[in-house]
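Q: Each residue of the sequence shown is one higher than the one before, counting from 5 in my numbering.
Hints in this document: simulated from the structure, not taken from any laboratory. Note that the coordinates shown come from a computational prediction; the quantities given were computed from them, not determined experimentally. C-beta: ideal position from N, C-alpha, C; glycine also. Check before you lean on any hint, since a few could be wrong.
[Stated by the list, open to error] The following label-pair restraints were derived from C-beta to C-beta distances:
{"no.": "1", "residue 1": "K189", "residue 2": "T434", "range": "51 to 61 Å"}
{"no.": "2", "residue 1": "D248", "residue 2": "D385", "range": "26 to 36 Å"}
{"no.": "3", "residue 1": "E596", "residue 2": "T274", "range": "37 to 47 Å"}
{"no.": "4", "residue 1": "E84", "residue 2": "W47", "range": "40 to 50 Å"}
{"no.": "5", "residue 1": "P657", "residue 2": "T471", "range": "15 to 25 Å"}
{"no.": "6", "residue 1": "T471", "residue 2": "E596", "range": "31 to 41 Å"}
{"no.": "7", "residue 1": "N693", "residue 2": "E29", "range": "44 to 54 Å"}
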Amino acid sequence: MEKDLKMEVFASVDTVKPVEFHVYELHVQKIGNTYSIIRGVAWKLRNWNQAGVFEDGNKIYATEKLQEKIPNADFTVEYEGSRELPVLENRRIYQELIKYWITQKLSQILIFGKYRKYSCKSNVTSKWIMTNQGFETFSSGNREISLERKYNFWVTIMNDEKAYLRIDTSSLFSSNQTVADYLEKGLNLIGQEVKNDWAKNNQTGILTEICDLTVTDKLDFADSLKAYYIQRNEAYRVENISDDTRIVKVALQTGIELPYYPQALKPVLTRETVSRMDAAFSMRTESLVKRNMKTRVLLDQDFIQDIGTIEPLDGMKFETDPCTVEKIGYKKGKVKEPLLVCGKDKALKCGEEFKVFNYGFYRKTEKEIKIGYLYPRNSYDLMKAVVNGIYTFAKLGKYHGEKDLYTMAGLLDLDVKAMVREEYELGDITDYKRAANKLQKIEGIDLVIALVPDGMEEDGPYNPFKTIWAKANIPSQMISMKTAKLFAEEAKEGNKAKNNSRYYLHNIILGILGKTGGIPWVVKDMPGNVDCFVGLDVATIAKGIHYPACSVVFDKYGRLLGFYKPAAPQQGEKITTRILQDIFDQVIFAYEDRFGEMPKNIVIHRDGFSNEDDEWYKNYFAAKGIMYNIIEVRKNISSKLIFWQNGQIENPPMGYCVYNADKGYLVTTNMKNKKGSPNPILIEKKCGNLSMADILTQVLYLSQLHVGSTQKMRLPITTGYADKICKNREFVPEGKMDDRLFFL
């Protein structure tokens with residue numbers, strides 16, 4: 005039997021049966037967005053009554069009769085009786101109803117006959133982790149941190165009147181310590197991401213202030229924070245907390261700032277944070293965090309068994325095997341992997357990128373590269389080992405002092421007439437800046453290589469060692485002290501040394517190449533008769549206000565033509581119109597500079613933007629006689645693909661996809677089963693004549709062209725690089741095309 009490609013979607017056994025709802029008419033005094041108002045009212049009624057409450061933008065529907073009067077409410081509701089609603093005409097209500105009853109069922113599940121298996125607050129989570137030995141709990145050595153499983157799920161009702169349950173399980177770490185506990189220990193949590201552990205909806209944000217106000221002081225929306233909880237019938241939360249407790253403020257993701265009891269808040273812990281706090285616990289739970297598709301589906305099936313039969317919905321049940329993708333409107337496909345062309349016109353298969361060091365780069369840097377070096381005091385020998393390793397490998401084709409069979413000479417032209425260098429005090433960022441200022445005054449430096457403390461070699465807008473050079477518009481390559489010590493140890497051992505530094509050399513040299521205008525490889529054959537690809541990213545200047553912040557342009561082979569950051573918008577101007585004009589004028593100029601004519605067919609990849617820009621695109625390109633396609637490429641999605649054969653489950657390899665006429669999910673990475681499961685990207689065609697087959701192929705090919713490493717990005721370099729540039733946008737010069745990828 006051939007392998008089948010499925011998604012983590014499970015169909016109901018039978019069709020959804022209509023049920024009766026209690027119906028209410030809403031009356032409000034305030035004027036505003038009707039849909040927003042009724043959503044807010046439904047949410048308040050749901051929390052106050054602890055019942056299933058839904059809305060359709062017009063009426064409110066409930067699973068039981070509601071207590072209609074809520075203290076301090078600015079609305080009233082009028083009961084209209086009960087009514088049975090047809091399913092297909094009221095899909096959204098039934099989808100929310102099914103999710104409500106699933107959550108109710110899960111809240112009653114016991115494990116070992118006495119422990120609540122699920123916590124059903126704003127999200128469904130569980131501290132009980134499935135292992136080969138059954139369900140267990142995992143906590144850190146001091147019992148403060150626990151591993152939890154988060155269950156995101158959605159319900160969709162299709163035209164066949166069946167419900168389709170989409171499940172996405174993930175890992176999270178929780179702390180039994182509240183913000184109040186940490187403040188009592190004297191820790192400064194300003195700037196820490198926190199979540200409201202008392203909320204029934206998801207409330208996360210950044211802790212911004214520890215106020216002088218206490219929980220009994222007057223607030224804008226209540227007599228006090230304590231009174232607010234008492235009015236909500238939640239006095240039990242606050243009755244044993246001192247009235248002298250100072251409130252804290254949190255800036256929520258929605259953009260508003262609210263006061264909280266510090267006892268209500270818990271820190272949001274990332275894997276990186278846990279690794280720093282308790283490395284042993286992080287290692288012990290790694291295999292439970294990185295799960296392959298087989299492990300994921302087994303947990304999905306256990307979740308469905310816990311849901312069981314939903315009696316209020318006429319005994320609804322879900323299948324435990326994923327449904328076929330055809331049932332949810334997709335067909336299966338496989339994109340053939342591209343061939344990459346490097347130096348000497350050699351073709352490389354995906355996974356063979358390391359051979360580029362044998363054949364040379366597609367286009368090496370066109371000038372001799374002058375490098376400045378920055379390193380901590382008393383570590384000159386480490387810096388020298390790094391410099392010698394890079395020079396002998398990239399210039400002479402040698403490794404560990406001997407000619408290397410897999411490396412050609414002359415990969416890069418490095419200027420070694422005089423070593424331009426400065427020292428700084430390790431751990432002293434001020435002294436680092438002082439040394440950096442001296443290097444910046446030396447003319448002609450194309451790149452800086454700096455030895456930095458371990459953990460500070462990663463790129464990003466908040467890395468102080470990196471941003472100094474970004475502000476000076478000089479590309480930089482950060483190398484950790486740990487890596488430098490590896491170079492030094494292998495230099496002492498000579499040809500008897502192991503090959504551990506080869507991986508680092510490959511990435512360092514590819515980084516130098518990309519940051520000085522070189523290109524390691526391009527795509528051999530790109531489908532779709534496209535002249536150039538444009539990647540766009542957006543910036544947020546205020547709540548709900550976004551604008552195009554940068555673009556990156558490639559020709560049809562994936563050769564970089566340049567990236568561009570438009571000037572910041574002026575207050576009050578029509579942001580999108582002016583900036584889009586600026587961006588695409590520069591795209592055309594960059595193409596004309598290289599090819600001597602305007603492009604005839606442009607593909608735009610973007611992650612965001614509202615459809616209100618569509619008319620601008622239409623008018624702009626029509627006036628110039630240019631065909632265009634707009635493609636949304638989204639990375640943060642919840643759907644995964646599954647290889648399924650007679651109950652055997654595997655990770656799908658790179659290139660597998662499901663798609664319809666306008667939408668597709670594509671796997672762009674190969675993920676070994678022990679390393680987790682691949683995250684597909686979501687691709688949607690917004691406008692244009694390209695087929696989805698060509699679009700999926702183009703996206704896969706562009707995802708294989710990352711310059712700075714032999715490892716791939718998952719995203720195509722269009723939106724992937726635009727995202728990287730946008731995160732560093734404060735330090736990118738405005739109004740200027742550049743082909744030095746300093747953000748790598």
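Q: Which numbered hints are broken by the structure, listed smallest first?
A: Failing hints, ascending: 1, 2, 4 and 5.
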